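Protein chains: 2
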Amino acid sequence: MYIFVLVCHFKKLAMRKVILGVAVSLDGFIEGPNGEYDWCVIDPDYSFDEFFKRLDTFFVGRKTYEMTSAAEGSPPGFPTFKEYVFSTTLDKVKEGATLIKGDIKTEVERIKKEDGKDIWLFGGAGLTTSLMNLGLVDELSLAIYPILLGGGKPLFQNINNRIKLKLVDLKKYSTGSVSLTYNIIV
Amino acid sequence: MYIFVLVCHFKKLAMRKVILGVAVSLDGFIEGPNGEYDWCVIDPDYSFDEFFKRLDTFFVGRKTYEMTSAAEGSPPGFPTFKEYVFSTTLDKVKEGATLIKGDIKTEVERIKKEDGKDIWLFGGAGLTTSLMNLGLVDELSLAIYPILLGGGKPLFQNINNRIKLKLVDLKKYSTGSVSLTYNIIV
Numbered sequence: 699m700y701i702f703v704l705v706c707h708f709k710k711l712a713m714r715k716v717i718l719g720v721a722v723s724l725d726g727f728i729e730g731p732n733g734e735y736d737w738c739v740i741d742p743d744y745s746f747d748e749f750f751k752r753l754d755t756f757f758v759g760r761k762t763y764e765m766t767s768a769a770e771g772s773p774p775g776f777p778t779f780k781e782y783v784f785s786t787t788l789d790k791v792k793e794g795a796t797l798i799k800g801d802i803k804t805e806v807e808r809i810k811k812e813d814g815k816d817i818w819l820f821g822g823a824g825l826t827t828s829l830m831n832l833g834l835v836d837e838l839s840l841a842i843y844p845i846l847l848g849g850g851k852p853l854f855q856n857i858n859n860r861i862k863l864k865l866v867d868l869k870k871y872s873t874g875s876v877s878l879t880y881n882i883i884v
Numbered sequence: 699m700y701i702f703v704l705v706c707h708f709k710k711l712a713m714r715k716v717i718l719g720v721a722v723s724l725d726g727f728i729e730g731p732n733g734e735y736d737w738c739v740i741d742p743d744y745s746f747d748e749f750f751k752r753l754d755t756f757f758v759g760r761k762t763y764e765m766t767s768a769a770e771g772s773p774p775g776f777p778t779f780k781e782y783v784f785s786t787t788l789d790k791v792k793e794g795a796t797l798i799k800g801d802i803k804t805e806v807e808r809i810k811k812e813d814g815k816d817i818w819l820f821g822g823a824g825l826t827t828s829l830m831n832l833g834l835v836d837e838l839s840l841a842i843y844p845i846l847l848g849g850g851k852p853l854f855q856n857i858n859n860r861i862k863l864k865l866v867d868l869k870k871y872s873t874g875s876v877s878l879t880y881n882i883i884v
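Listed in order, the protein sequences are those of chains W and R.
Position in the first sequence (from 1) plus 698 gives the number in my numbering.
Position in the second sequence (from 1) plus 698 gives the number in my numbering.
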C-alpha cells in the first residue's frame with residue numbers, strides 16, 4: 699500500500715510539464731500589427747540548449763502548424779520534437795505529427811501522464827488561451843524584448859480568471875531582452 | 699559662441715525626464731477588470747527612496763487626480779510633489795496643483811525645460827498614451843507583478859508606432875515582482 703502511494707506520488711511529481719515558451723514585446727504582443735516578428739532577433743548570447751534539453755515534444759495550434767510545416771525540416775539547431783497539432787478544422791497532418799481534434803483537456807492530460815520529457819507550447823494565441831483557461835499550462839518562459847509594438851497579436855487574451863505565478867528564474871541578455879520564468883500556481 | 703553652444707548642450711542634457719513609473723501585471727494591466735489593484739502589494743524589500751530622490755513633480759490624468767485627491771494628503775512616506783493635472787474637462791483643480799488644459803506638447807516641453815528634478819508620470823492610461831505618442835516620455839520604470847489578471851485597464855494602448863527601448867536596470871524582489879527600467883530611444 700505504501701509503495702503504491704509512493705509510486706503514485708512519484709508519478710504525479712514526474713508528470714510532464716507544459717511550458718509556454720515565447721518571445722513577447724514589452725506591451726505583450728507576439729507579432730506586430732501586420733504579423734511582423736523582425737523585432738524578435740535571437741540574442742547572440744542566448745542558447746536554446748538548456749531549454750531544449752528539458753523537452754521532446756511540442757504543441758502547436760493550426761495556424762502555427764501551417765506556417766512552420768511550410769518550411770522544410772526544423773530550423774538549424776532545432777532538434778526534432780514529437781509534434782501535436784491542435785485543430786478543429788484540419789482532417790490530417792503531416793507524417794510524424796499527431797492531430798488532436800477531440801476533447802483538449804482529456805487529450806492533454808493523457809499526454810502529460812505519458813513517459814517523456816516536458817512539452818513546449820509553441821503557439822499560437824488561441825491554443826495558449828484554451829490551455830491556460832483549462833489549467834493545463836505549468837510554466838511560462840517569456841523572453842521580453844525591449845520594444846513596444848503598439849499593436850498586433852497579444853500573447854494573453856481572453857484569460858478567464860486571475861492566474862497567480864511564482865518567479866523561478868530571471869536572466870538578462872546583452873541586447874536588453876529579459877527572460878522571465880514563472881511556475882503557474884494552481 | 700562656443701560657450702553659448704556648450705551651455706545649450708548642457709541645458710539639453712540636463713532637461714528633466716518624464717518617467718512612467720507604474721506597477722503592472724504580467725499581462726499588462728494596471729487595474730483588474732473591476733478596477734482592482736489589491737494584487738499590487740508593495741514588496742517589503744522595495745524602497746521608494748531612490749526613485750523619489752530623482753523627482754519633485756508628478757503628472758496625472760483627470761481620473762487619477764480625482765481618485766487621489768479624494769484622499770487627505772499624500773500617502774504615508776510619499777513626499778509632496780508639485781502636481782500637474784491634465785484634463786480637457788476640469789475647470790479648476792485643488793490649491794497647489796496646476797491644471798493643464800492647453801496644447802499638451804507645448805506645455806510638457808515647457809515644464810521639462812524648467813529647472814527641477816525629474817517628473818513622475820503617475821497615470822492614467824489616456825495621459826500615458828498621449829505623452830507616449832507625442833514622444834514626451836523618456837523612461838519607463840515598470841514593476842511587473844507575478845500575476846495574470848486576464849482583463850482590466852491596459853498600461854499601453856493605442857500606441858501609434860513602434861517604440862524602441864534600452865534596458866538600463868533590472869531588479870528582482872522577494873515577492874517575485876521584477877522592476878524593469880528602460881530608456882526610450884528616440
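Some hints here could point you the wrong way.
No copy is singled out in the list; a pair is fine if it fits within one copy or between any two copies.
[Unchecked claim] Below, in silico cross-link-like pairs of lysine to aspartate or glutamate (EDC-like), each with a Cα-Cα straight-line distance of 20 Å or less: (1) K869 to D813; (2) K870 to E837; (3) K862 to D736; (4) K810 to D736; (5) K862 to D741; (6) K870 to E764; (7) K792 to E748; (8) K864 to D741; (9) K790 to D867; (10) K715 to D754; (11) K792 to D743; (12) K715 to D743.
Hints were generated in silico from the structure; no laboratory data involved.
Bear in mind the structure is a predicted one, so any value in this text is a computation, not a measurement.
Intra- versus inter-subunit Cα pairing at 20 Å for K869 with D813: For K869 and D813, the Cα distance exceeds 20 Å both inside one copy (30 Å) and across copies (38 Å).
Homomeric proximity label, K810 with D736: Cα distance no greater than 20 Å: Neither. Shortest intra-copy (33 Å) and inter-copy (34 Å) distances fail the 20 Å Cα cut-off.
Homo-oligomer pair classification [D741, K864; C-alpha up to 20 Å]: between (25 Å within a copy, 14 Å between copies)
K792 and D743: within-copy, between-copy, both or neither at 20 Å Cα: neither (34 Å within a copy, 52 Å between copies)
Status of D736 relative to K862 across identical chains (alpha carbons, at most 20 Å): between (31 Å within a copy, 13 Å between copies)
Intra/inter-copy verdict for K792 and E748 if alpha-carbon distance must be at most 20 Å: So K792 and E748 fail the 20 Å test inside a copy (28 Å) and across (57 Å) alike.
Homomeric proximity label, K790 with D867: Cα distance no greater than 20 Å: Result: close neither inside a copy nor across copies, 38 Å intra and 48 Å inter.
Alpha-carbon proximity between K715 and D743, which holds within one copy, between copies, both or neither at 20 Å: neither (26 Å within a copy, 32 Å between copies)
Copy assignment of K870 with E837, given that the CA separation must stay at most 20 Å: both (19 Å within a copy, 19 Å between copies)
Homo-oligomer pair classification [D754, K715; C-alpha up to 20 Å]: Answer is within: at 11 Å inside a copy they meet the 20 Å cutoff, but 48 Å across does not.
Intra/inter-copy verdict for K862 and D741 if alpha-carbon distance must be at most 20 Å: between (29 Å within a copy, 16 Å between copies)
Same-copy or cross-copy closeness of K870 to E764 [CA-CA at most 20 Å]: So K870 and E764 fail the 20 Å test inside a copy (32 Å) and across (39 Å) alike.
Comparing the model with each numbered hint stated earlier shows that hints 1, 4, 6, 7, 9, 11 and 12 do not hold.
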